[in-house]
Amino acid sequence: MAVKYQTRFFIIYLGMDIGVSWPIEGTTMALSYRTKANLNTLMNGSRPASIPVGIASEAENIASYGFSLPDGDRLFALWVDGAAADYDTGISATLTFPGVSDNTVTGIDVYEGYEQQLVASEEDGNLVIRDLLVKDYPIILRLSPTRYVFLPIVSKAPPR
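For the sequence shown, the tail end lands on 160 under our numbering, and the numbers increase by one without skipping.
The calculated label-pair distances, taken between Cβ atoms and stated as ranges, are:
| id | residue 1 | residue 2 | range |
| --- | --- | --- | --- |
| 1 | Ser57 | Met16 | 18 to 26 Å |
| 2 | Gln116 | Gly72 | 18 to 26 Å |
| 3 | Tyr87 | Phe9 | 16 to 24 Å |
| 4 | Ser121 | Pro70 | 22 to 30 Å |
In short, the hints are calculated from the structure, not lab data.
For each residue, glycine too, the CB sits at the ideal point set by N, CA and C.
Please put together the full structure from these sequences, using the hints given.
Rendered as C-alpha coordinates:
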(Lines of atoms letter the chains of each structure in order from A and count residues from 1; the text may use other names and numbers.)
(Lines give C-alpha, C1' and ligand atoms only; values in the text may rest on other atoms or scores of the structure.)
Protein backbone atom coordinates (compact mmCIF):
# COMPACT_ATOMS: atom_id res chain seq x y z
CA MET A 1 0.00 0.00 0.00
CA ALA A 2 2.96 2.32 0.39
CA VAL A 3 3.10 2.63 -3.39
CA LYS A 4 -0.43 4.11 -3.38
CA TYR A 5 0.61 6.85 -0.96
CA GLN A 6 3.85 7.54 -2.81
CA THR A 7 1.99 7.83 -6.10
CA ARG A 8 -0.38 10.34 -4.45
CA PHE A 9 2.51 12.41 -3.09
CA PHE A 10 4.30 12.35 -6.44
CA ILE A 11 1.21 13.84 -8.11
CA ILE A 12 0.61 16.33 -5.27
CA TYR A 13 4.18 17.65 -5.39
CA LEU A 14 4.15 17.95 -9.18
CA GLY A 15 0.77 19.68 -8.93
CA MET A 16 2.31 22.25 -6.58
CA ASP A 17 5.32 22.59 -8.93
CA ILE A 18 7.69 21.07 -6.37
CA GLY A 19 10.57 18.88 -7.56
CA VAL A 20 10.22 15.19 -6.81
CA SER A 21 12.86 12.55 -6.17
CA TRP A 22 12.39 8.87 -5.54
CA PRO A 23 13.31 6.97 -2.37
CA ILE A 24 16.52 4.97 -2.55
CA GLU A 25 16.13 1.46 -3.95
CA GLY A 26 16.18 -1.26 -1.33
CA THR A 27 14.35 0.81 1.27
CA THR A 28 10.85 -0.04 2.42
CA MET A 29 9.60 3.17 0.81
CA ALA A 30 10.87 2.38 -2.70
CA LEU A 31 8.21 2.29 -5.43
CA SER A 32 8.08 -0.59 -7.84
CA TYR A 33 10.13 -0.07 -10.98
CA ARG A 34 7.01 -0.41 -13.14
CA THR A 35 5.09 2.30 -11.29
CA LYS A 36 8.07 4.68 -11.36
CA ALA A 37 8.60 4.10 -15.07
CA ASN A 38 4.89 4.64 -15.80
CA LEU A 39 4.76 7.88 -13.80
CA ASN A 40 8.03 9.25 -15.18
CA THR A 41 7.02 8.55 -18.77
CA LEU A 42 3.52 9.97 -18.41
CA MET A 43 4.46 13.09 -16.44
CA ASN A 44 7.56 13.97 -18.48
CA GLY A 45 7.31 17.62 -19.53
CA SER A 46 4.08 18.23 -17.62
CA ARG A 47 3.36 21.53 -15.92
CA PRO A 48 0.71 22.24 -13.27
CA ALA A 49 -2.46 23.62 -14.85
CA SER A 50 -5.90 24.60 -13.70
CA ILE A 51 -8.50 22.28 -15.23
CA PRO A 52 -12.05 23.18 -14.21
CA VAL A 53 -14.16 20.09 -13.55
CA GLY A 54 -17.38 19.17 -11.83
CA ILE A 55 -17.28 15.87 -9.93
CA ALA A 56 -20.51 14.15 -8.90
CA SER A 57 -19.89 11.17 -6.61
CA GLU A 58 -20.86 9.62 -3.30
CA ALA A 59 -17.24 10.11 -2.27
CA GLU A 60 -16.80 13.41 -0.48
CA ASN A 61 -13.02 13.46 -0.41
CA ILE A 62 -11.82 13.28 -4.01
CA ALA A 63 -8.45 14.93 -4.57
CA SER A 64 -7.44 16.12 -8.04
CA TYR A 65 -4.65 17.92 -9.89
CA GLY A 66 -4.38 19.14 -13.46
CA PHE A 67 -1.38 19.31 -15.78
CA SER A 68 -0.61 20.50 -19.28
CA LEU A 69 1.74 18.76 -21.69
CA PRO A 70 3.93 20.34 -24.38
CA ASP A 71 1.87 18.73 -27.18
CA GLY A 72 -1.34 20.45 -26.02
CA ASP A 73 -2.79 17.44 -24.22
CA ARG A 74 -3.87 17.79 -20.61
CA LEU A 75 -3.67 15.35 -17.70
CA PHE A 76 -6.18 15.20 -14.88
CA ALA A 77 -5.29 13.03 -11.87
CA LEU A 78 -7.87 12.10 -9.25
CA TRP A 79 -8.26 9.72 -6.33
CA VAL A 80 -10.26 9.15 -3.17
CA ASP A 81 -8.18 10.90 -0.52
CA GLY A 82 -8.62 8.64 2.48
CA ALA A 83 -6.96 5.59 3.96
CA ALA A 84 -5.66 3.24 1.27
CA ALA A 85 -6.90 -0.34 1.27
CA ASP A 86 -5.49 -3.59 -0.09
CA TYR A 87 -8.47 -4.22 -2.37
CA ASP A 88 -10.16 -0.97 -3.32
CA THR A 89 -13.06 -1.53 -5.71
CA GLY A 90 -13.44 2.19 -6.41
CA ILE A 91 -16.33 4.63 -6.17
CA SER A 92 -18.31 5.69 -9.23
CA ALA A 93 -18.13 9.32 -10.31
CA THR A 94 -19.35 11.50 -13.15
CA LEU A 95 -16.90 14.15 -14.35
CA THR A 96 -17.95 17.22 -16.32
CA PHE A 97 -15.28 19.35 -17.97
CA PRO A 98 -17.00 22.67 -18.81
CA GLY A 99 -16.27 24.20 -22.19
CA VAL A 100 -14.27 21.19 -23.33
CA SER A 101 -15.48 19.43 -26.43
CA ASP A 102 -14.05 17.39 -29.24
CA ASN A 103 -11.52 15.61 -27.01
CA THR A 104 -10.67 11.97 -26.64
CA VAL A 105 -10.11 10.74 -23.09
CA THR A 106 -7.68 8.00 -22.15
CA GLY A 107 -7.76 6.52 -18.66
CA ILE A 108 -4.31 5.62 -17.32
CA ASP A 109 -3.70 3.44 -14.28
CA VAL A 110 0.00 3.87 -13.49
CA TYR A 111 -0.23 1.52 -10.49
CA GLU A 112 -1.55 -1.45 -12.47
CA GLY A 113 -0.07 -0.37 -15.81
CA TYR A 114 -3.31 -0.17 -17.82
CA GLU A 115 -4.37 2.38 -20.38
CA GLN A 116 -7.62 2.53 -22.35
CA GLN A 117 -9.80 4.99 -24.17
CA LEU A 118 -12.83 6.00 -22.11
CA VAL A 119 -16.39 6.58 -23.25
CA ALA A 120 -17.08 10.30 -23.07
CA SER A 121 -19.92 12.37 -24.43
CA GLU A 122 -20.42 16.00 -25.31
CA GLU A 123 -23.37 17.65 -23.58
CA ASP A 124 -24.09 21.35 -24.03
CA GLY A 125 -20.47 22.03 -24.98
CA ASN A 126 -19.11 20.11 -21.98
CA LEU A 127 -17.16 16.87 -21.94
CA VAL A 128 -18.87 14.32 -19.67
CA ILE A 129 -17.43 11.04 -18.39
CA ARG A 130 -19.93 8.85 -16.55
CA ASP A 131 -19.35 5.92 -14.19
CA LEU A 132 -15.61 6.42 -13.80
CA LEU A 133 -14.30 4.29 -10.93
CA VAL A 134 -12.19 6.50 -8.68
CA LYS A 135 -9.70 4.49 -6.63
CA ASP A 136 -7.60 5.18 -3.54
CA TYR A 137 -4.59 5.91 -5.76
CA PRO A 138 -4.30 8.32 -8.70
CA ILE A 139 -6.09 7.47 -11.91
CA ILE A 140 -4.92 9.82 -14.63
CA LEU A 141 -7.08 11.01 -17.50
CA ARG A 142 -5.39 12.23 -20.66
CA LEU A 143 -7.53 14.77 -22.50
CA SER A 144 -6.40 14.98 -26.12
CA PRO A 145 -7.92 17.45 -28.56
CA THR A 146 -9.09 15.69 -31.69
CA ARG A 147 -6.59 16.44 -34.39
CA TYR A 148 -7.95 16.70 -37.90
CA VAL A 149 -5.95 16.27 -41.06
CA PHE A 150 -7.37 17.84 -44.17
CA LEU A 151 -6.09 16.39 -47.40
CA PRO A 152 -6.50 18.17 -50.71
CA ILE A 153 -8.90 16.66 -53.19
CA VAL A 154 -7.02 15.68 -56.29
CA SER A 155 -9.02 15.16 -59.40
CA LYS A 156 -7.81 13.75 -62.62
CA ALA A 157 -7.74 16.24 -65.46
CA PRO A 158 -10.19 15.47 -68.26
CA PRO A 159 -8.65 13.85 -71.34
CA ARG A 160 -7.85 16.18 -74.25
